[in-house]
Each structure stands twice: as C-alpha cells, then as structure tokens.
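A.B. asks: Sequence:
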Amino acid sequence: MAKNDTETQAPTTTAKLSLPTLTTMVVGSMVGAGVFSLPSRFAQETGVAGALIAWLVAGTGMLMLAFVFQNLAVRRPDLDAGVYAYAKAGFGEYLGFFSAFGYWASACVGNVTYWVLIMSTIGTLAPALGEGDTVLAVVLSSAGLWLFFALISRGVKEAAAINRIVTVAKVVPIVFFVILALFYLRPSVFADNFAGADYAGSLFQQVKGTMLATVFVFLGVEGASVYSRHARRREDVGRATVLGFLSVFAVFASVTIVSYGIMPMGEIAELRQPSMSGVLEHAVGTWGKVFVSVGLIVSVLGAYLAWTLMAAEVLFVAAKDDDMPRFLKRSTAADVPVPALVMSTLLSQVFLVVTLFSDDAFTFALDLTSALTLIPFLLAAAFAVRVGVRGELVVAVLATLYTAFLIYAAGLKFVLVSFIVYAPATVLFVMARREQGRRPFSPREFVILAVSVAGAVLGIVALAAGWISL
2 MAKNDTETQA PTTTAKLSLP TLTTMVVGSM VGAGVFSLPS RFAQETGVAG ALIAWLVAGT
62 GMLMLAFVFQ NLAVRRPDLD AGVYAYAKAG FGEYLGFFSA FGYWASACVG NVTYWVLIMS
122 TIGTLAPALG EGDTVLAVVL SSAGLWLFFA LISRGVKEAA AINRIVTVAK VVPIVFFVIL
182 ALFYLRPSVF ADNFAGADYA GSLFQQVKGT MLATVFVFLG VEGASVYSRH ARRREDVGRA
242 TVLGFLSVFA VFASVTIVSY GIMPMGEIAE LRQPSMSGVL EHAVGTWGKV FVSVGLIVSV
302 LGAYLAWTLM AAEVLFVAAK DDDMPRFLKR STAADVPVPA LVMSTLLSQV FLVVTLFSDD
362 AFTFALDLTS ALTLIPFLLA AAFAVRVGVR GELVVAVLAT LYTAFLIYAA GLKFVLVSFI
422 VYAPATVLFV MARREQGRRP FSPREFVILA VSVAGAVLGI VALAAGWISL
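Residue numbering for the sequence shown follows the working numbering, starting at 2 and increasing by one per position.
Don't read these hints as lab results, they were simulated from the structure.
It is possible that some hints are incorrect.
[Stated by the list, open to error] Straight-line Cα separation of at most 20 Å, SDA-like style, residue types lysine to any residue; simulated pairs:
1. Lys321 with Phe177
2. Lys321 with Ile298
3. Lys321 with Leu96
4. Lys290 with Leu181
5. Lys321 with Ser453
6. Lys321 with Gly438
7. Lys414 with Val386
8. Lys414 with Leu379
[To be verified] Simulated restraints on C-beta separations:
9. Val431 with Ala151: 29 to 35 Å
10. Asp360 with Thr125: 19 to 25 Å
11. Asp360 with Val395: 54 to 60 Å
12. Glu268 with Val291: 16 to 22 Å
13. Phe177 with Ile461: 41 to 47 Å
C-beta atoms are modelled at their ideal positions from N, C-alpha and C, and glycine is treated no differently.
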C-alpha cells in the first residue's frame, strides 16, 4: 500500500490543536451563511416579542447542549468524534451509524447553503445567477466545491490556519452591522414590529417557526468534540465548546433584534438573501449592501472550509471504528482522510443539483441541514442522561427536552425528508458488516431499519402526491 494512502492513524508528529485554535474553529463553524439570512428568516415568522423568546429558548437549549459536550469530553475521553461516538456508546452500533451519517449529511447539505447564498449575493450584479438556484449558479458552485476539495487535501494544519484568519475577517462586518443598525434604529418602527404582523400567528407559533433557523446558526457548537482526537489536551474540547458558543450568541441575537428597528417586519420578510445586506442598504445606502455582501462571501467560504473538514472527520472516525466501509478510513501522510473528503464533496454536489427543483433553494437547504442534525443531537443528549451525575444530569435532561422540542418544531415535512436521506445510507452499514464477516442486522436493528424505511417510503409518497414539497 502506498505511503500516502494508509489505513493507520496520522503520524504522532502531527501538530495538536490548542484551546485557542479549537475555539476559533467552533466560532468559524457557527459564523456562516445562517447569520446573514437571519433578518428576513425571523421576520417571516415572528415579531420582536417572539424573537426575544425564541433566542431565550434557543440560547438556553444550545447552552445546555454545549455543557453536555463539555461534560462528556471530560467524562468519556475515550470517545472521539463526539456526536457520533456518544450515540454509538449509548444506543448501539446502528443508531451510532445513523448519528454519524446524519451529522455528516447535515454538514454536506449545510455546505450547499453557502454556495447558494454566495451565488445569490453575486446574482444582484449578474441576474443569470438568480437567487443561487439557476443552472449557471449550480455549475459555478460545483467548481467552487472541487476547488476547496483540492485546498483541503493539502492537510488539516494548513486548512486550520486559514480558518483562523478567515474567522476574524468575517466577524468584523457582522459586528459592524449591529453597531450601524443601532445607530440608525427608529424606536417607532421597532415598536410597530414588537407584537408581529398579522401573518405571524400566535406567539407560540412564532417561536416554533424560528427554531430551525436558530439550530442552523448554532451548528458547529459541537465542533471541538468532532476534533477531539486532534486536541492537545482533552479538557480543551469542552472549554472550546462553551467559549465558542458564548462568543457568538449575543451577536446572533443582536443581528435579528436590531433589524426590527430599521424596516417594517413585512418588508424585511420580503428581502432577497442575504437579507442583512438589504437591511443595511435601507439604513445607510448602497455602500452598506456592498460591505455586507463582501463580508458574507468571506464568512461563507470560511465556514465552508470548517464544515468540510468536520464532515470528513466524522466519516473517517466512524470507518476506523468499523461502522463505515474500510475505504473511508484511509488517510494521507498529512492526516487528511481523502476518501471521506471525496464522499463529502460528492454528496454536496448531489444536493446542489437538488436545489434546482426547490421552490426556495436556500431555505430548503437551511431547514434540511438543521433537521438532519436533530437525531444526532438528541442521541448525544440522551447518552449524557445515562452517564450523568447530579448537576450534570439536570443539564442533560434539559438538553434532551430541548432537542425533542426541535424535532416537533421541524414538522412532519422535514422529518420525512430526513428519513429519505437516512434510509438509503444503510447500504454503507451493510457493507461494513460484511467486511467484518458479521450478519447485517440484529433483531433490534431490524426494527430500526423497518422504521427508517417506512418513513422514507412515506416521505417519497408524500412528495409524489404533493402533500409536501421541496
């Protein structure tokens, strides 16, 4: 076997990630496409009152999840690539496999939102790109996918260094937006938007409608646990998780709330993505739109880099644990799991093509990204309930209840579409079992298989009949 195509772990000389680097990677993962879409995404669902409650619920729930990952990193240092490993340790190999696949697929679909938003941003100058959902936009996005594949193939160390620089660069325009919006905020407009528009529904419906958007912008809070095998010190994994979350929470909430003081809620809801640029343009003129658009492109490319790394890492560790086919455990001398990276890029490519058939490519990809992570998050929180003690147990229970509420808030549409994605993945699980000379499923696993297949069939029927749409 060639030296640069091994099935062994990276050399012991591979540089380990420090606490600042891990924290930066968590922040870099969370500060991406989602935050630039928040103004219109929230205004489509809720007014100021609902937004404040939604951020309180989301902030508390995600903080509990952050504490869960922190506690588990210390309590179970033997488990790498946390989100996947915790599900397997707590609930068996098949659910662990689903957790790994779901988290991986979520990262790949999330990467699609980045390219859609970039093309939509450039589309204001080049109408042929539409809102990132035209054939030309998909072709150019595909080129970007494979260019980043070439970059990341050089090694984790180089990619992480670039991500540190990009993270700083992309936070600046977001903070600048909040400061300018506060300066131009009109109290009368803010007051008119407080209760919400007529189309928003009850306060509970308003809060429920924003939950998937908040999940999307907080994806990455678990990033340090995914890279646990690279951490210099195990306790840094949990610290980076909490520090990363606290660093961005106030900024995310502020982006949404200050926008309600610039424009009427109904007008914000109709803004083209990235809606943050439309809000700032209304406040200060064209230069504000250009400023945010440039910041968005930098931000999104940095987040794409971080998420592609995390996606490949999850597949790689799952393969090393014999829960994915053996070809996915191959890595180069630079510690890059190239086959897993190829798989990640290919799946993103598939979903880029799917956006051509969606009524709203960005919103569909954003919501599906969030929905696919809910099962992995729920299983990790439930595992924390099983191993937690006293104070940790309270946190784990709250995190579990929060993720269960998110599944309810996602609605039947995205639960069914998630099954359509999950069920075919079982082929990879069967391949791994056959390579080990084991029977594909135990009796308990057959039950889980039956549920997933039934959900996928129902989802396909629902799409074909027009009960749900992309």
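A.B. asks: The structure should be examined with respect to each hint, and the outcome stated for every one.
C.D. replies: For each hint, the structure was consulted:
1. Lys321 with Phe177: 44 Å, violated
2. Lys321 with Ile298: Cα-Cα ~35 Å, so violated.
3. Lys321 with Leu96: 17 Å, holds
4. Lys290 with Leu181: Judged against 20 Å, a Cα distance of about 12 Å means the pair holds.
5. Lys321 with Ser453: Outside the cut-off at roughly 25 Å; violated.
6. Lys321 with Gly438: Within the cut-off at roughly 16 Å; holds.
7. Lys414 with Val386: 29 Å, violated
8. Lys414 with Leu379: Holds. Lys414 to Leu379 sits at ~19 Å (cutoff 20 Å).
9. Val431 with Ala151: 29 to 35 Å: 32 Å, holds
10. Asp360 with Thr125: 19 to 25 Å: Given about 20 Å between the Cβ atoms, the range holds.
11. Asp360 with Val395: 54 to 60 Å: 42 Å, violated
12. Glu268 with Val291: 16 to 22 Å: 20 Å, holds
13. Phe177 with Ile461: 41 to 47 Å: 46 Å, holds
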